[in-house]
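Peer 1: Keeping the supplied structure of chain E fixed, place chain P upon it in accordance with the hints.
Number of protein chains: 2
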Amino acid sequence: MAKISNGKDNCNGNEKKDSFAIEEFGADRHGLLTKILTDFEDHLTEKAGHCLGYHVNLDLNHLMDLSPLLRFHINNVGDPFKDSSFSMHSKKFEVSVLDWFAQLWEIEKDECWGYVTNGGTEGNLQGLLLGMDCVIIRTLTTGEIDCNDLREKLCLNKDKPAIINLNIGTTFKGGVDNLDLVIKTLEECGFSNDRFYIHCDAALSGLISPFLEQGPMFSFKKPIGSVSVSGHKLLGSSMPCGVLMTKKKYITTISKNVEYLNTLDNTISGSRNGLASIFMWYSLNVKGRLGLQQDVKKCLMNAQYLRDRLKDAGISSMLNEMSFVVVFERPPNPEFIKYWNLSCEGNMTHVIAMPHVTVKILEDFVNDFVRERNIWYRCGRIQPPCLAEEIGTYNCCCSIHGKGSLQNGN
Amino acid sequence: MAKISNGKDNCNGNEKKDSFAIEEFGADRHGLLTKILTDFEDHLTEKAGHCLGYHVNLDLNHLMDLSPLLRFHINNVGDPFKDSSFSMHSKKFEVSVLDWFAQLWEIEKDECWGYVTNGGTEGNLQGLLLGMDCVIIRTLTTGEIDCNDLREKLCLNKDKPAIINLNIGTTFKGGVDNLDLVIKTLEECGFSNDRFYIHCDAALSGLISPFLEQGPMFSFKKPIGSVSVSGHKLLGSSMPCGVLMTKKKYITTISKNVEYLNTLDNTISGSRNGLASIFMWYSLNVKGRLGLQQDVKKCLMNAQYLRDRLKDAGISSMLNEMSFVVVFERPPNPEFIKYWNLSCEGNMTHVIAMPHVTVKILEDFVNDFVRERNIWYRCGRIQPPCLAEEIGTYNCCCSIHGKGSLQNGN
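Which chain is which? The protein sequence lines are E and P, in order. Counted from 1, the first sequence has number 148 at position 148 by UniProt numbering; the numbering is strictly sequential. Counted from 1, the second sequence has number 74 at position 74 by UniProt numbering; the numbering is strictly sequential.
Hints in this document: simulated from the structure, not taken from any laboratory. Don't take each hint at face value.
As the list claims (entries may be wrong) - Straight-line C-alpha distance at most 27 Å; calculated DSSO-like pairs for lysine-lysine:
1) E:K287 - P:K35
2) E:K158 - E:K249
3) E:K82 - P:K338
4) E:K221 - E:K160
5) E:K222 - E:K160
6) E:K287 - E:K297
7) E:K249 - E:K287
8) P:K338 - P:K298
9) E:K82 - P:K35
10) P:K287 - E:K35
11) E:K35 - P:K82
12) P:K221 - P:K247
13) E:K287 - E:K338
14) E:K297 - E:K360
15) P:K287 - P:K298
16) E:K249 - E:K221
17) P:K247 - E:K338
What the hints assert, rightly or not - Selected chain P positions facing chain E (Cβ under 8 Å, derived; list incomplete):
18) D18
19) S87
20) W100
21) N118
22) H232
23) S237
24) S238
25) L275
26) N341
27) N347
These numbers were taken from a predicted model, which means no experiment stands behind them. C-beta: ideal position from N, C-alpha, C; glycine also.
Only chain E is shown next, with the shape it has when bound in the complex (with noise of 0.2 Å):
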């Protein structure tokens, strides 16, 4: 595991101290901080290198051609379709990303009203708003919403309209609620178009769902209420961001006027990142919808091959149709997990084929990962951990639900 402690070595200049302390320079203040900044470049760069555990697309170095604007502050405080009188914002460019959206989630511009999010948690807080009263749904083994539970849920409640938060592509495994379906149980448990509102959590899969051959995963064509994807996910930016939309007959009930600026103040925060809109508008514009296209086509073969290769090697993995995300048999070793900057839950831990993620970065991973797998388990005379529970009996390869031993495929 000699990569790994290369790691370690390389970004410990920049681990050793919790801080850099601001004023405990000297005269060659500014030669100290572009050493700092030097040195974390660098640490991102090698970190970047190994990074396989989120839903993040690292490539962005087009985004330097932006630097310029480094210098303006730009912010689009409240509504982006209005003027608002500080100057100095970027609604065009915000208006221009929205209009893309609204094209690609088949809503009319007269009909929709959305914005550029700092990512999709603050997307989601303001498609559901706040404070009200909560049912868990089951889920399914492949993440997604369980529509005979729904059912149950919603008859227990039928004197109360349903808001429901569907997931377009779930955070750990990648699963997609079918919207369809869960459409059709509201009406069969007598909800109306009038008493039901459905949220689509789409962080990742917003950008995925309409470039795929079976056609895309939801459109505001079907009765949904707002959409919430990440811009730093798919697309990548060099912030968090994302972009809220909803339809217009919904947001005019939360919106007030504010005079001091002059323009609607409906969004979660006042102020906004006005650079996020530009950062979203250039790598739209820089890839366009063939670019995406192409994207999604490599990311989800690339999430086959490492399936394929995990499968190969006797290890318990899942991957969801249409998913760029492969859930497999957590590694028992913390300093693996860290080097390839995994993500666990319970058993469980799962690479996302990003962009950034190429077939000879899977490929080192895949055999350092059964190099090192035959040293935790001792070439097989310990048991790796069973997943048929989370990932199904007919994708796990334990010894009593599994075909091969641990050598397979070595």
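Peer 2: Structure of chain P alone, referenced to chain E:
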């Protein structure tokens, strides 16, 4: 008013269309994108030269040094004091920024908790949480809290604990609530320390307060619970950002562990902008306490200069003690307001003497205002509005309360 026409002509290129449609470009996509961005930079540069009405520092050239960081996605998800398993974060910079503010606001490092926010509003939401019963307290002419009204309202609500949102520098008038008087009022009404919580909204003045000759307006040595300050106001940043700081004992109640990220989720948004911490860290280092002190001194002097010039010209105006915000009569011409990027409330407007606002700009502004005012009010044959109620009779120059004519000082 030649400048106003010029300003409009210069930026028209960016205002003719509502958006920059994505994917309408042909072969020379990159050239067109560069052209749009270069035009937008020119537009921002032009606007920055006469942007007077907002609390943002537009002197940001030094932030171009951070350009190399744009090629990374830096995301400080979750608690700043816990390493998260997503490795591309800048929490060391964030903690350095927090340490700096802990010292500034007189709280021991191991007693405080906080994070770098996307701006003041997010900090205020977090500081006060959501969904509480709300009682509005009246203000004095200066904009600060009326402690007699506070006393009355406290007496009516003795059965409940009090959560108080104090303004250390109101947006419109720069009014500063008297913290000592508020605490005294609470005590006199029978509210012991464990039955009140004070949040200080110190968006602008949080960074002015420590550098005043009279000593700071607040600190954690007094019984306050949390403070929120903006990073893009006095300090300056390419994007909205800020700091929220509270006592550790308060945050533990709302924290919950998210295994997926191996960190604590106790901020409003999950993902957070890692660039913001580096931008604040860099500016604090480049300026240092001495630089900020010099900025505060310069801005206070420039605000006084503007107030004096307006008074000399017979224009109703007010400047609170230790404030950069000069409040005066609202110009009746929307074009004038737009050109100087003023913000208005009722009969009032204000100019904020931020670091990028030089004496030369203020001179140009006063000359333009006085010249145009003679036209608007036909050399005194029409009366400008009386502002006695808004800013006090002493500050009002109207025909009833004022001493001179419009021509004073010309």
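Peer 1: Compare the structure with each hint and give your call.
Peer 2: Okay, the hints, checked on the actual structure:
no. : hint            : result
1   : E:K287 - P:K35  : 18 Å, holds
2   : E:K158 - E:K249 : 24 Å, holds
3   : E:K82 - P:K338  : 15 Å, holds
4   : E:K221 - E:K160 : 25 Å, holds
5   : E:K222 - E:K160 : 22 Å, holds
6   : E:K287 - E:K297 : 14 Å, holds
7   : E:K249 - E:K287 : 32 Å, violated
8   : P:K338 - P:K298 : 26 Å, holds
9   : E:K82 - P:K35   : 25 Å, holds
10  : P:K287 - E:K35  : 18 Å, holds
11  : E:K35 - P:K82   : 25 Å, holds
12  : P:K221 - P:K247 : 11 Å, holds
13  : E:K287 - E:K338 : 31 Å, violated
14  : E:K297 - E:K360 : 17 Å, holds
15  : P:K287 - P:K298 : 14 Å, holds
16  : E:K249 - E:K221 : 15 Å, holds
17  : P:K247 - E:K338 : 31 Å, violated
18  : D18             : 6 Å, holds
19  : S87             : 5 Å, holds
20  : W100            : 5 Å, holds
21  : N118            : 5 Å, holds
22  : H232            : 6 Å, holds
23  : S237            : 7 Å, holds
24  : S238            : 5 Å, holds
25  : L275            : 5 Å, holds
26  : N341            : 5 Å, holds
27  : N347            : 12 Å, violated
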